[in-house]
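Q: Heads up: the sequence lines are chains A and B, in that order. The numbering of the first sequence is our numbering, which starts it at 1 and goes up by one. The numbering of the second sequence is our numbering, which starts it at 605 and goes up by one.
Derived from the structure by calculation, the hints contain no laboratory data. Please note: incorrect hints may appear among the correct ones.
[Stated by the list, open to error] Which chain A residues face chain B? A few, computed with CB under 7 angstroms, are given here:
| # | residue |
| --- | --- |
| 1 | M55 |
| 2 | A226 |
| 3 | D248 |
| 4 | Q250 |
| 5 | S287 |
| 6 | E509 |
[Said to hold, decoys possible] Here are the computed distance ranges between Cβ atoms for each label pair:
| # | chain 1 | residue 1 | chain 2 | residue 2 | range |
| --- | --- | --- | --- | --- | --- |
| 7 | A | T106 | B | G810 | 42 to 52 angstroms |
| 8 | A | A244 | B | L606 | 45 to 55 angstroms |
| 9 | B | W890 | A | S537 | 50 to 60 angstroms |
Backbone N, C-alpha and C fix where the C-beta goes; we use that ideal spot for every residue, glycine too.
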Amino acid sequence: MIFLVAACKSPLTRQEAVNIPQENRFVALPDTDSIPADWSGENTVVYQWIAEPRMLHPTNGISGQRQEVLLYTQMFLIATDYRTLEPVPGLAGAMPDISSDGLHITFELRDEPRWDDGSALSFDDIRFTALASKCPLVDNPNAKPFWDNLGELVPDAQNPRRFTAVMKTPYIHNVIFWSDWPVMQRTFHDPDNVLGDYTLADFDNAAQEIGNDAPLAAWAERFNSAPYGRDPQYLNGLGPYRVAEWEDGQRLVLERKINHWTAGSTALNEAALPDRIVFVVNRDANSQMLEFRAQNYDASTNISPSTLLSLRDDPAFARNFHGEFSDTFFYTYLAMNNRPDGQRRKALFDDVNVRRAVAMLVPYDELHGIVFKGINKRMSGPVSFLKREFNESLTPVPTDVDGAKKLLAAAGWIDTDQDGILEKKISGKQVPMMFELTYLSVQTEWKDIATIIADGLAKAGLKAELRALDYPVFISNNRQHDFDMTLGAWGASSAPEDFSQVWHTSAWESNGSNFAGFGDVDGDALIDSVKTTVEDSLRIELSKRFQRIVYDRQPIVFLFASVRRNIVHRRFGDVELYYERPGMLLNNFRLLSAGVAGTAQVSP
Amino acid sequence: MLKYIARRILFFIPALFVISLLAFVINALAPGDPTERLLPEAGAQAGAPGEVSKQRAYWRQKLGLDLPVFYVSLNTLSRPAGFGAGQPPYRRQTAERLLRACGNDEAVTRYMNTLYAAEQACRTHAFPGAHAMAQLLYDLGHTGDPLHASGMLDELERLDRGQVVYGRIKTSFDAMEGGATRWKNYIPALRLHPDNRYHRWLFGDGKTSRGIVRGDFGVSYTTREPIGDIIGKRMYWSVMLALLAIALAYLVSIPVGIRAAVRPRSRFDRASSVTLFFLYALPVFWVATLLLMTFANPEVLHLLPASGVAPPQGFPEGTGFWGRLLGTLPYLVLPVVCYTYGSLAFLARTMRGSMAGVLQSDYIRTARAKGLSENRILYRHALRNALLPMITMFANVFPLAISGSVIVETIFSIPGMGLETYQAILNLDYPMISAVFTLTGVLTLTGYLLADVLYAAADPRITLKPERLS
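So here's chain A without its partners, still in its complex pose:
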């Protein structure tokens, strides 16, 4: 186990992070040994976030905050062991049996889960969850393509708690996708069993016809309605906490359920140590800092790195709080338009030598010191160094101005008119190496990064004009490939890597997230192989091969891995920090109380 003590002020080095044993991928914070008198003894965790979820509907909604709250109010067939980052049984008694072709996945439900009305979890609930999620009239478009792969649910004739999910195609997420959507109670959400008249096959490509079915349409209208996403009375779940209060835009209060079936459980997803968990919205960095100084908040993973650094310099804060950085699967990048249309955007970066040269011109040390405060680690490819499938043979591209100049010259970019900007003849026209570098206007850090990179590029005669954009315009331009060079960040998780979203040509063609225009038919074939290879060692081998291809073609410059900024009040013990979102599990925070053996002593 890695113990990150308070004295340790920065996360592990890149190599240390890579070398962490797979079974110990978390950080345990030490419990305090004395409790000052001014610490609150209330068993409530007040957690700060920067935005509230738009809804807490069990199937509808996409925000990260929603998923965070559902961890405490709902239960999933498969859970994630945040310590090992491996899937573990949730409502299933054990990990499922998977057929050799990966298409038949057999689960057996646990005996003890009980809904709030006392009824037991049953196959009926699983079937309802799948039907509701797949029903074309339900407002969960983001989930539909995942559920589309579920062909059938077959109950075991002998054992009512056993069933087999029949998948249409093998897919690496066929098991863990059950950890994304909670199991819903059929009798609560569909008391008249309207969905009982349908099969999963009925919901394949049938939106138009199904829409004319009046009882189903009425059920869907009710199921999609706002109360099922926002009214505490309708937020039904198997989790150990219930939503007690939701003050719009201010706070969301979770309350521990009395005599819940998980009582006494020490499983990460079932423990319920605090009486209440209060989520409070606060977007302003200064205000957040003051609230923490006043000990009004207990925990956060949402403050900015500079706020955490400022707070850590304050002895009063250090006395009351843990303040630690931890690694995440997210990273920042500099994307180049590999496949411009030649009209709106010139073909400046379609040559791999130019892209490699850009990567060599980025002043990584300056970025690391000035913007990332020496905390964040370099990325070398599209997969985090925290993951098993990370290709360790890929080393981060170093800053090398002379090397970059040679590559640019080899690609035909030469400063013929001696004006300090490179030129090249493209389709008979002399084209200068001048382009826009776009970034998000919301945070000043993006501007700082862009400015430092532009200075670095200028050393070899590449002139980047900085342009800050608001989010809707920024994302729209990127999706429509209307950019030359752009700064951004990608989110990722501990799940096996599916490269489709960012690297498949279909994600370029459909204006998806393959902004840069990477890929060809061979690359697509390899991506398809990775996502359908269930056998782990072979999948990892293919994944490493794909990472190498991306590295060699350098469609984007991989900058730095993002860090999570963790604050936890020292009045809580047993605190662990995880690489996976949400970074900490509030339900496992144990209130340290004076006089209780093994906890802490009161200090004046």
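Given the coordinates of chain A, assemble chain B onto it according to the supplied hints.
A: The following block gives chain B in isolation, referenced to the frame of chain A:
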């Protein structure tokens, strides 16, 4: 008076029509597609490759985004409404370019469909050369230049040993070239669309929404809550802050303006003028942060709370209305100051100018000649007339109540309309944005109407009846 009000309300109708149309057009032309926020990325799933495209088409239809924007559209004869709909964006652009080149929409659509089907077949079937053919077909699908495409077809003929794929594509390509009707590109066509997005927004779809003319702004794309409910909840705080801020601004600026007017160019006049304009010049985010770091800082003065409108854990159970109200007041002090200080200079200078003008009037001179006390002249006779311009300012409170202030609400974590509107813009929540835009217009008009009525009430010389020409 009642006739005047009724007539003004009648004038609201065309004004509101224009406002609603503007709100709608701005939304319709704004970059981005709301379905992009609702759907996962293409390829990020195990299902059929076209699943996300199907979902996008379905959701565009469900949200009414597939309909024409307005009642009429002007285009060329070659381009029917909905041309290219359902195709991925880049294919749609290719189809557009081919249409401009040949002018035959049916032939272009057939050619594009044949290309796409052939590419998918090559991707999914492992016959010799399939990968290379798929790549070529993919590139062909992105080439809107028929001349360039012709060269690529020669390459396809070489690659496709069975000639089945090549044969089909060549046939549809030739049909497109042979059936060219380029003249259609030069004939304008005016088309009517009785069922369009604007119409549905105004009058509803007859099933789930009743339209804004019946007071139904629809439901938010992101929360599924009725827009009216969201605005109702969020406006509470914005209205409260706006009213408190306006009250404070008037309470401060009217006495300051009067005193400055009574003794023009005095030390007080100069000092108040400089101070208020100095405040006016200070950016609100800076003042808000300064106030926060001074009055809500445990290390300086911890007199006021730093964020929210209630304690982080809420008020204790059983706290009554008055308890909550009193408990909330400390949370509103700093936001109200931030809302207020910027308007003080304008209001005080307006009051000063108005009062100075009135004090020069004949009737004031007469009052002085009659020996009335200065206070009586000032507060009994001059003030009422001098307040008239201030009444106009009062009209601004209404739109402020719905627009709120993003900066103040963000810094002090106030759940008001400013932040809600900002979030709606980021999330492309069109129904919400349109509703805010339209309601702001309605409230601005209402404010001006109220100002006119108050004018008449304050000054009997002002008549709201139309003047008759003699």
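Q: Determine for every hint whether it applies to the structure shown.
A: Here is how each hint holds up against the structure:
Because the smallest distance between the Cβ of M55/A and any Cβ of chain B comes to about 5 angstroms, under 7 angstroms, the interface hint for this residue holds. Hint status for A226/A: holds, given a least beta-carbon distance of 4 angstroms to chain B, under 7 angstroms. For D248/A, the suggested interface contact is upheld, since its CB lies about 5 angstroms from the closest CB of chain B, less than 7 angstroms. Here the hint on Q250/A is kept, as its CB sits about 5 angstroms from the closest CB of chain B, short of 7 angstroms.
Satisfaction of the interface hint for S287/A is found here, the shortest Cβ-Cβ separation to chain B being roughly 4 angstroms, below the 7 angstroms cut-off. For E509/A, the suggested interface contact is upheld, since its CB lies about 5 angstroms from the closest CB of chain B, less than 7 angstroms. As the Cβ distance of T106/A to G810/B is approximately 47 angstroms, the hint placing it in 42 to 52 angstroms holds. Checked against the hint of 45 to 55 angstroms, the pair A244/A and L606/B passes, with Cβ atoms roughly 51 angstroms apart.
For W890/B and S537/A, the hinted distance range of 50 to 60 angstroms is satisfied, since their beta carbons lie about 58 angstroms from each other.
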